[in-house]
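Protein chains in written order, with full-length UniProt numbering: chain A, 1 to 433; chain B, 1 to 433.
I should point out that these hints are in silico values taken from the structure, not numbers from a laboratory. Quantities reported herein were computed from a predicted structural model and do not represent experimental measurements. Treat each hint with caution, since some may be false.
[As the list claims (entries may be wrong)] Quick list of in silico lysine-lysine cross-link-like pairs, DSSO-like style, CA-CA up to 27 Å: (1) Lys198/B x Lys154/A; (2) Lys302/A x Lys203/B; (3) Lys302/B x Lys430/A; (4) Lys382/B x Lys199/B; (5) Lys305/B x Lys199/A; (6) Lys11/B x Lys302/B; (7) Lys290/B x Lys203/A; (8) Lys302/B x Lys198/A; (9) Lys198/A x Lys290/B; (10) Lys154/B x Lys199/A; (11) Lys290/A x Lys199/B; (12) Lys199/B x Lys302/A; (13) Lys203/B x Lys430/A; (14) Lys154/B x Lys198/A; (15) Lys4/A x Lys154/A; (16) Lys203/A x Lys302/B; (17) Lys203/A x Lys220/B; (18) Lys199/B x Lys154/A; (19) Lys198/A x Lys394/A.
[As the list claims (entries may be wrong)] Quick list of simulated restraints, FRET-style, between CB atoms: (20) Gln63/A x Lys11/B: 50 to 58 Å; (21) Leu150/A x Asp152/B: 37 to 45 Å; (22) Pro193/A x Leu3/B: 53 to 61 Å; (23) Glu391/A x Gln226/B: 27 to 35 Å; (24) Glu41/A x Glu235/B: 44 to 52 Å.
[What the hints assert, rightly or not] Residues of chain A clear of chain B, computed beta-carbon distances all greater than 12 Å: (25) Trp6; (26) Asn30; (27) Pro82; (28) Gln109; (29) Asn186; (30) Pro283.
Ideal Cβ placement from N, Cα and C applies to all residues, glycine included.
Protein chains: 2
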Amino acid sequence: MGLKSWFPIPKSSGFSLANIPFGIISTSGNATQRAAVAIGEHCLDLGRLAVRDGFSECETKEQWQTVFSQPTLNSFAALGRPVHRSVRKYIQDLLREDTPFPQILKDNQELQDSCIFRQDEVTMHLPMQIGDYTDFYAGKNHAYTMGCILRDPKNALQPNYMHLPVAYHSRASSVVVSGTPIVRPNGQILENPAAEVKKPVFKPTQRLDIELELGAFICKPNQMGQPVPIAEAEENIFGLVLLNDWSARDIQAWEYVPLGPFNAKNFASTISPWVCLIDALEPFRTEGIKNENELLPYLQEKNTKNVFDIRLQVELTPKGGKPSVISNSNGKYLVYSFPQMLAHHTIGGCPMNVGDLIGSGTISGTDPGTQGAMVEITKGGKETIQLEGGEERKFLQDGDTMIIRGVCGNEEDGLVGFGDCTATILPAPKLYQ
Amino acid sequence: MGLKSWFPIPKSSGFSLANIPFGIISTSGNATQRAAVAIGEHCLDLGRLAVRDGFSECETKEQWQTVFSQPTLNSFAALGRPVHRSVRKYIQDLLREDTPFPQILKDNQELQDSCIFRQDEVTMHLPMQIGDYTDFYAGKNHAYTMGCILRDPKNALQPNYMHLPVAYHSRASSVVVSGTPIVRPNGQILENPAAEVKKPVFKPTQRLDIELELGAFICKPNQMGQPVPIAEAEENIFGLVLLNDWSARDIQAWEYVPLGPFNAKNFASTISPWVCLIDALEPFRTEGIKNENELLPYLQEKNTKNVFDIRLQVELTPKGGKPSVISNSNGKYLVYSFPQMLAHHTIGGCPMNVGDLIGSGTISGTDPGTQGAMVEITKGGKETIQLEGGEERKFLQDGDTMIIRGVCGNEEDGLVGFGDCTATILPAPKLYQ
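All chains, full assembly: derive it from the sequences and hints.
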């Protein structure tokens, strides 16, 4: 049985008391960005709560007025996981039916009125100031399918794949919060790859795609030259978000040799606005995709339950049309965990800063209907996705709205969800025409 | 004939009055980081000069006390190139023999004493807060030689190479200022690539290398979704620095498929501390490597003199040994200009921020002795570099000190130089042994 609250939280909400995810809000009455937590269909304004002395009974003493009045969660994240745990528990204590501190919020209607907002009344902002953003490729099923499409099943995975978490540096400046429209990118496209003279054309991408991923935010820096040992890596992770790493497959195919994807990825990546703490995900720990290789010691984890059982879903809605679920995947379809990614990322001494973002890579299952990218679902654009209402898609069209959802657990114990990671596609700008 | 100064500037200095590069200093008497310009063997403390009303005659009126008291040049850069021009000219005016404002500095010994420091007495810091760092691959001779080493002369350049400036996102958090020691990275290395079972070992890189590059800092942001037109791109560039993109070739060879280099590059990149404004480099404009392809319109520049004649030099000094110049290259050995790189980077809508860094890629000539990386000089480690004093190198050893230098023009008109971009190699940390 999950924690019961005196505050109304719908059973179907991913923001039960078992969750308490952190985000950054502003409101029509107060444009200042500040911290909040999500509670059912509402959010609790932590900046305002701190000003009104709402943290007086919290066992951790910090400058909460300052920490929660920042425009990002970086200051809070930098306090470290023991503090996050303590604050999460304190907020659960404030909100549970048998709260030990009823005078603070439960019995204080005036404070409730000034600190609690409906989520559909607030504006969400990027939760963190992101220094660097790295995208891994730890979804083995995705990597295998892509290798089959680009090469052949016998050479689908490169020789390094099962020895290290493959990754590339991506673009921090174009990470945006859920709800931000995505402009279709123009770029160079090779329309006839088989031609002897390879001459690209300039046009909007014809193969705009999603990538269903999880993102992890760093909360503890490591000094340059000093790797993060794998046993300590999870303490350096603030929490997880949903991540849609938008991809232009035709631009990617032409540009990506020999240094990897560039303009095919850097036009946008969307994250969900609420950061779910690792503590909230702890009950959903499970085993990922088994790696038959013996990994080098710096990548060996004691706990084989190193990923999370998160039910992931991708929904596509054409402009004016009906929503269609085009994929059901799961956070456990990873062959490397976030601690392994972090240990690898820093093994040569690369410094990580608070707010750095690490993407998992596309998370796909093996069965039909579980793929996390349209290029996989359509087998490289050869097949078609049938949508509710009769429309078809191989890749995204202008006006399409994508929603990624993620949720753990059950209603009985309280769902732990991420909220929507969504965006609508806008037409490419008309250039040089 | 160049500008003459009342202040002693050695003829051999790259910091003549024709230059006036900007950097960030602190001093033993004042640990606060603030802006300065380099003048001969000295620097002029702009933070202090502003506090002492030294900008009273500058035609551009800004909050100079605030702008030049920041710990980075980002605020100054964000004012835009017309303001940089005006300030550079004003500082030249203050320092020239026939200064129109002798009362401000020339005849004010007390202000000179408090604002002018010997460069060997100040600590230099990273000049900019770097948001994102992108490394291009515009040194065609380097790209060709690497292609010959990794593939064969017929397929040395990929089909996309002459159509677009190839690039990858690199790591902003590990960009350090000249003088910072570089720790040799550990990592996964495949010692026997020909073996049927490919099993990497964990050890310090045995193929630590330099990459001789130029770096450009962005001073004007573009909105997400809105490309920077090529005709406007140069106005978005604050200035250039020397850049050493340290590379671990053995780690790179194993990890880089299919998404590009990662840990082979992200342990460190070194930049020279003084940013040379594009205006100072203007007289040294020249033509780069000719591109026989007709580029797509978004990459076409009117001015074919789109790169700079910068004499580049790489010097290696073993611990306790003598310096040896191992390469003499030139900034003109590029097939794409920085404006072309910026136009390409943003063509899909990627937003650039003030302080973002763009690397040119390794700059190599075609003749022996002009290569910008040891892997090129030694033909992939097959040959040996003979150093003064009898030592030999294929790649860098612990204790080696590298210096990259860059200078334009002649002593008569005043040299325009970057100062040293230097670092010493420290041993790898002992891990898991």
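Given pair status - lysine 203/B, lysine 302/A, alpha carbons within 27 Å: 22 Å, holds
Quickly compare the C-alpha distance for lysine 11/B and lysine 302/B to 27 Å and report which way the hint goes. This hinted pair is violated, its Cα atoms lying about 35 Å apart.
Within a Cα-Cα threshold of 27 Å, do lysine 4/A and lysine 154/A meet the stated pairing? Violated. Lysine 4/A to lysine 154/A sits at ~53 Å, over the 27 Å cutoff.
According to the definition I'm using, a residue is off the interface if its beta carbon is farther than 12 Å from all beta carbons of the partner; does proline 82/A meet that for chain B? 25 Å, holds
Against chain B, does proline 283/A keep a CB gap of more than 12 Å to every residue? The assertion about proline 283/A holds, with a minimum of 32 Å to chain B.
Holds or violated: 44 to 52 Å for the Cβ distance of glutamate 41/A and glutamate 235/B? 48 Å, holds
Between the alpha carbons of lysine 203/B and lysine 430/A, is the straight-line distance 27 Å or under? Violated, because 51 Å separates the two Cα atoms, which is more than 27 Å.
Satisfaction of hint between lysine 394/A and lysine 198/A, Cα-Cα up to 27 Å: 25 Å, holds
Under the criterion that the straight-line Cα-Cα distance not exceed 27 Å, is the pair lysine 154/B, lysine 198/A satisfied? Holds. Lysine 154/B to lysine 198/A sits at ~15 Å (cutoff 27 Å).
Under the criterion that the straight-line Cα-Cα distance not exceed 27 Å, is the pair lysine 290/A, lysine 199/B satisfied? 18 Å, holds
With the threshold set at 27 Å, check whether the alpha-carbon distance from lysine 302/B to lysine 198/A stays at or below it. Satisfied, since the Cα-Cα distance of roughly 25 Å is no more than 27 Å.
For leucine 150/A and aspartate 152/B, compare the CB-CB distance with the range 37 to 45 Å and indicate the outcome. 22 Å, violated
Hints 6, 13, 15, 21 and 29 from the earlier list are contradicted by this structure; the remaining hints agree with it.
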